[in-house]
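Protein chains: 10
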Amino acid sequence: MQFLVRMDVRLPHDMPQDVADDLRAREKARAHEIQRSGKWPELWRVVGQYANVSRFDVESGDELHQLLTSLPLFPYMQVEVTALTVHPSKLDS
Amino acid sequence: MQFLVRMDVRLPHDMPQDVADDLRAREKARAHEIQRSGKWPELWRVVGQYANVSRFDVESGDELHQLLTSLPLFPYMQVEVTALTVHPSKLDS
Amino acid sequence: MQFLVRMDVRLPHDMPQDVADDLRAREKARAHEIQRSGKWPELWRVVGQYANVSRFDVESGDELHQLLTSLPLFPYMQVEVTALTVHPSKLDS
Amino acid sequence: MQFLVRMDVRLPHDMPQDVADDLRAREKARAHEIQRSGKWPELWRVVGQYANVSRFDVESGDELHQLLTSLPLFPYMQVEVTALTVHPSKLDS
Amino acid sequence: MQFLVRMDVRLPHDMPQDVADDLRAREKARAHEIQRSGKWPELWRVVGQYANVSRFDVESGDELHQLLTSLPLFPYMQVEVTALTVHPSKLDS
Amino acid sequence: MQFLVRMDVRLPHDMPQDVADDLRAREKARAHEIQRSGKWPELWRVVGQYANVSRFDVESGDELHQLLTSLPLFPYMQVEVTALTVHPSKLDS
Amino acid sequence: MQFLVRMDVRLPHDMPQDVADDLRAREKARAHEIQRSGKWPELWRVVGQYANVSRFDVESGDELHQLLTSLPLFPYMQVEVTALTVHPSKLDS
Amino acid sequence: MQFLVRMDVRLPHDMPQDVADDLRAREKARAHEIQRSGKWPELWRVVGQYANVSRFDVESGDELHQLLTSLPLFPYMQVEVTALTVHPSKLDS
Amino acid sequence: MQFLVRMDVRLPHDMPQDVADDLRAREKARAHEIQRSGKWPELWRVVGQYANVSRFDVESGDELHQLLTSLPLFPYMQVEVTALTVHPSKLDS
Amino acid sequence: MQFLVRMDVRLPHDMPQDVADDLRAREKARAHEIQRSGKWPELWRVVGQYANVSRFDVESGDELHQLLTSLPLFPYMQVEVTALTVHPSKLDS
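So the protein lines, in turn, are chains C, L, E, V, Z, D, X, R, A and U. Take the first sequence: its position 25, counting from 1, is numbered 25 in the UniProt record's numbering, and each next residue is one higher. Take the second sequence: its position 33, counting from 1, is numbered 33 in the UniProt record's numbering, and each next residue is one higher. Take the third sequence: its position 58, counting from 1, is numbered 58 in the UniProt record's numbering, and each next residue is one higher. Take the fourth sequence: its position 74, counting from 1, is numbered 74 in the UniProt record's numbering, and each next residue is one higher. Take the fifth sequence: its position 18, counting from 1, is numbered 18 in the UniProt record's numbering, and each next residue is one higher. Take the sixth sequence: its position 31, counting from 1, is numbered 31 in the UniProt record's numbering, and each next residue is one higher. Take the seventh sequence: its position 61, counting from 1, is numbered 61 in the UniProt record's numbering, and each next residue is one higher. Take the eighth sequence: its position 87, counting from 1, is numbered 87 in the UniProt record's numbering, and each next residue is one higher. Take the ninth sequence: its position 63, counting from 1, is numbered 63 in the UniProt record's numbering, and each next residue is one higher. Take the tenth sequence: its position 32, counting from 1, is numbered 32 in the UniProt record's numbering, and each next residue is one higher.
Check the hints yourself; a few may be wrong.
With beta-carbon atoms standing in for the labels, derived distance ranges [said to hold, decoys possible]: (1) X:Pro12 with E:Pro16: 18 to 26 Å; (2) D:Ala25 with R:Asp18: 22 to 30 Å; (3) C:Arg10 with E:Arg10: 34 to 42 Å.
Now the stretches of chain A that chain U is said to cover, found in silico as 3 or more residues with beta-carbon under 8 Å [what the hints assert, rightly or not]: (4) 29-39; (5) 51-64; (6) 86-92.
Within a straight-line C-alpha distance of at most 30 Å, the following computed DSBU-like cross-link-like pairs (lysine-lysine) qualify [what the hints assert, rightly or not]: (7) X:Lys90 with R:Lys28; (8) X:Lys28 with R:Lys90; (9) R:Lys28 with R:Lys39; (10) E:Lys39 with V:Lys90; (11) U:Lys28 with U:Lys39; (12) A:Lys90 with A:Lys39; (13) E:Lys39 with E:Lys90; (14) D:Lys39 with D:Lys90; (15) D:Lys28 with D:Lys39; (16) U:Lys90 with L:Lys39; (17) A:Lys90 with U:Lys39; (18) L:Lys28 with C:Lys28; (19) V:Lys28 with V:Lys39; (20) V:Lys90 with E:Lys90.
These aren't lab readings, by the way, just hints derived from the structure by calculation. We treat Cβ as the ideally placed atom computed from N, Cα and C, and that holds for glycine.
Start from the sequences, fold in the hints, and give me the full structure.
Encoded structure:
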């Protein structure tokens, strides 16, 4: 199944710099791991925002939820999920 | 440049069926044409909605505007455009 | 996969009564058909509104989209879809 | 009476881990207790969110309010309640 | 059960005057009928709006839905329902 | 004059329990006092929320403002005021 | 009592020009009449909009409702009413 | 030029009482000063809110900005500005 | 004075093509005329929308209102006006 | 490419004055630097708000993102980006 996901990150301003750096490093490592599995084919930064828009290609909503909550920044994210399906005007579909 | 685009289509209920069918057929043909150019790499139907979410890969905002307004259904669309850029956690970037 | 779906129906005020009656009769028949398949286990009327909230139990978002667009009232609906997953506090899960 | 309830949980970021863990454990126990009474037949996690959507089957709004405010996480929830009634297209109704 | 209900009425501008007058007369008669039953104890006009805020005292959400949909203006209303319960600071409760 | 008032209370999570208890006790006492004066005839809890909807029967907006700001919880409330008038379909009006 | 009122006017595009002209002429005459009574001391056009913001000085919400609904354009207005009271920093109050 | 301005004040709950009192006293003095200059002819409290709606009569938007930012409570305000112009139905205009 | 203005145009779908063409031609001519006066220095199309964002440099809000309402498409526009002033970080200011 | 950008700044109330002053001084220096490069031709203060509206003239969305995130106040900003293109009624275009 395909899902569009938008994640907006908001770190508390009083979070110590090293805690934030560590979180971001672990987030990046986990993001690489998921991408290598082929389940996160689209990942883009929104211009001017600490946010991304992504497409996930997963077995189910259950799997998507497990992937998203495995991200170290998840507790600091506002996440919006949109279920997608094949478009009838898509070439080769 | 990369843009996320969401298009919601609303045809007037009193549009004659043949006019609507013709519009949709021409929309599909034009969508195929743009996809063949490589400028519309992502095109998905939103589940439960007469809407799509897409990614366009274009030279500029000017080009994106020309592509969108060339769609036969454009006068019946509500369009939302989000500028994208490379994400620092994207693999191979 | 489980999805929460809310459907708000708005018929044009100038729709002839017999057209509306026919639409509603065909909607009801199709709704019964889908329920009999086991894919629409929850269906409730929202108090004071021409709207329902439902849970669908389907193979995928593709299947949900096909079911929703097969409803005769679909062109007159505003539809909102929320992907669901197992809750960790659910008994027997 | 039937009610659709959506609960979004937001714990303060500076809540000590053990306090949060204790709250969650007591929440789970109380959720189990209410489910066993048969009054909370539907409970689902929203994909990508620290939130649930539920259906409660209660005697009255008074009882629903007592159940919701008995949840240990209630002070940290944003709750939305929608009154439901039988749908005329529901099979066996 | 107690419910707060807000009803906003919007008649199409092209509705013939006599049709509108007839609708309003029948609405008033039905509103009187429901009030006489004791189920509609609060009914107020919102200043500057073709809208009312009301309190209904009914057996259940099912009954409220039947009352609301029995109003001749119901097809032209936007209705918002809020479930109420006893307030702990209410005198004599 | 009649006013519909909705008050949503949000206490800071770090408020000491005894301060909160004292505030609530004084709120209750003041609410009783105003009700005894006959100026607060309707007071209901919103199901699932730390909020009430009320009707005030006062001389003027000035008086309503003085009553509302005399509530000990006022600094922690979000308040919404709607001016009401007699409804033409109200029985005995 | 003092009220802030914002009125947004939207005439249907298919209203005949002479009907619209007649409505506007009668609106102006009625607006002059109310202003002469001293009950409409502030009346301003919102820049770039077919809308006004006004202050009314009336006996009650009932009187305000009667004044607003006596305006010939009222059926084509969206009206927003805000109850006002004396400000403690106002000079000479 | 005429501007409608709405100011909503929100003081942090942990601001010491004497700091808040001092801010409010200085706000009042500055508000008096501006009113004496004739540039702040309308100033009203919104019923039930720590907010005001005002009309300013200034030379330009630059002057309005300087006046607003000179208010001691400005850092704690949410401010909304609406440009006004003469209304064609205003008497004596 | 400087104003940011956003104009969204929505022509009724049943407007005859020649009427729409005539409106657009007159709109363009009037837009050229105002630009030549130096009062409309910034005019941009929003990508993907039948809308523009503009900056006007005018004597007052009155003048801006006269310019905007002189546009032939004004009755079909939704207009949003934001008053601007000099920015302290602007070079050469 | 041209972009309209709106930036709303919100500094935490407990930020020490010297930290805020230093941030603002570095923000101003960086803003001057970018303006000197010719990439930030429009920069205006929104009247009554700690916010600006700007036009950026950049190579791409990537460049805009790098410029915006290089601003020292970026972590305290809410940023809204709108892609622009040439307007057909713009003189000399």
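A quick look at each hint next to the structure:
1. For the pair Pro12 of chain X and Pro16 of chain E, the beta carbons lie near 22 Å from each other, so the given range of 18 to 26 Å is met.
2. Between Ala25 of chain D and Asp18 of chain R the beta carbon distance is about 26 Å. The supplied range of 22 to 30 Å therefore holds.
3. Against the hinted window of 34 to 42 Å, the Cβ-Cβ separation of Arg10 of chain C and Arg10 of chain E comes to about 36 Å, which satisfies the hint.
4. Coverage of a stretch by a chain is defined here by at least three residues with a beta carbon nearer than 8 Å to that chain's beta carbons; for the region 29-39 of chain A and chain U the count is 4, and the condition holds.
5. Look at the region 51-64 of chain A against chain U: 3 of its residues bring a Cβ nearer than 8 Å to a Cβ of that chain, three or more, so the hint holds.
6. Coverage of the region 86-92 of chain A by chain U holds [criterion: at least 3 residues with CB-CB distance below 8 Å; count 6].
7. Proposed proximity of Lys90 of chain X and Lys28 of chain R is supported: the alpha carbons are some 9 Å apart, at most 30 Å.
8. Taking the CA atoms of Lys28 of chain X and Lys90 of chain R, the gap is about 9 Å. The hint holds against a cut of 30 Å.
9. Simply put, Lys28 of chain R and Lys39 of chain R have alpha-carbon atoms about 15 Å apart, close enough for the 30 Å limit, and the pair holds.
10. Restraint check: the Cα-Cα separation between Lys39 of chain E and Lys90 of chain V comes to about 13 Å, which is no more than 30 Å; the hinted pair holds.
11. The straight-line distance between the Cα atoms of Lys28 of chain U and Lys39 of chain U is roughly 15 Å, inside the 30 Å bound, and the hint therefore holds.
12. For the given pair, Lys90 of chain A sits about 21 Å from Lys39 of chain A by alpha-carbon distance, which is consistent with the 30 Å threshold.
13. Proximity of Lys39 of chain E to Lys90 of chain E is assessed by CA-CA distance (about 21 Å); at most 30 Å being required, the pair is judged to hold.
14. Distance restraint check for Lys39 of chain D and Lys90 of chain D: the Cα-Cα separation of roughly 20 Å lies within the 30 Å cut-off, and the hinted pair is therefore satisfied.
15. Under the criterion of a C-alpha separation no larger than 30 Å, the hint pairing Lys28 of chain D with Lys39 of chain D is consistent with the structure, at around 15 Å.
16. Straight-line distance between C-alpha atoms of Lys90 of chain U and Lys39 of chain L comes to about 27 Å, which keeps the hinted pair within the 30 Å bound.
17. For the hint pairing Lys90 of chain A with Lys39 of chain U, the CA-to-CA distance comes to about 13 Å; that is within 30 Å, so the pair holds.
18. Under the criterion of a C-alpha separation no larger than 30 Å, the hint pairing Lys28 of chain L with Lys28 of chain C is inconsistent with the structure, at around 39 Å.
19. Proposed proximity of Lys28 of chain V and Lys39 of chain V is supported: the alpha carbons are some 15 Å apart, at most 30 Å.
20. At roughly 25 Å between alpha-carbon atoms, Lys90 of chain V and Lys90 of chain E fall within 30 Å of each other, so this suggested pair holds.
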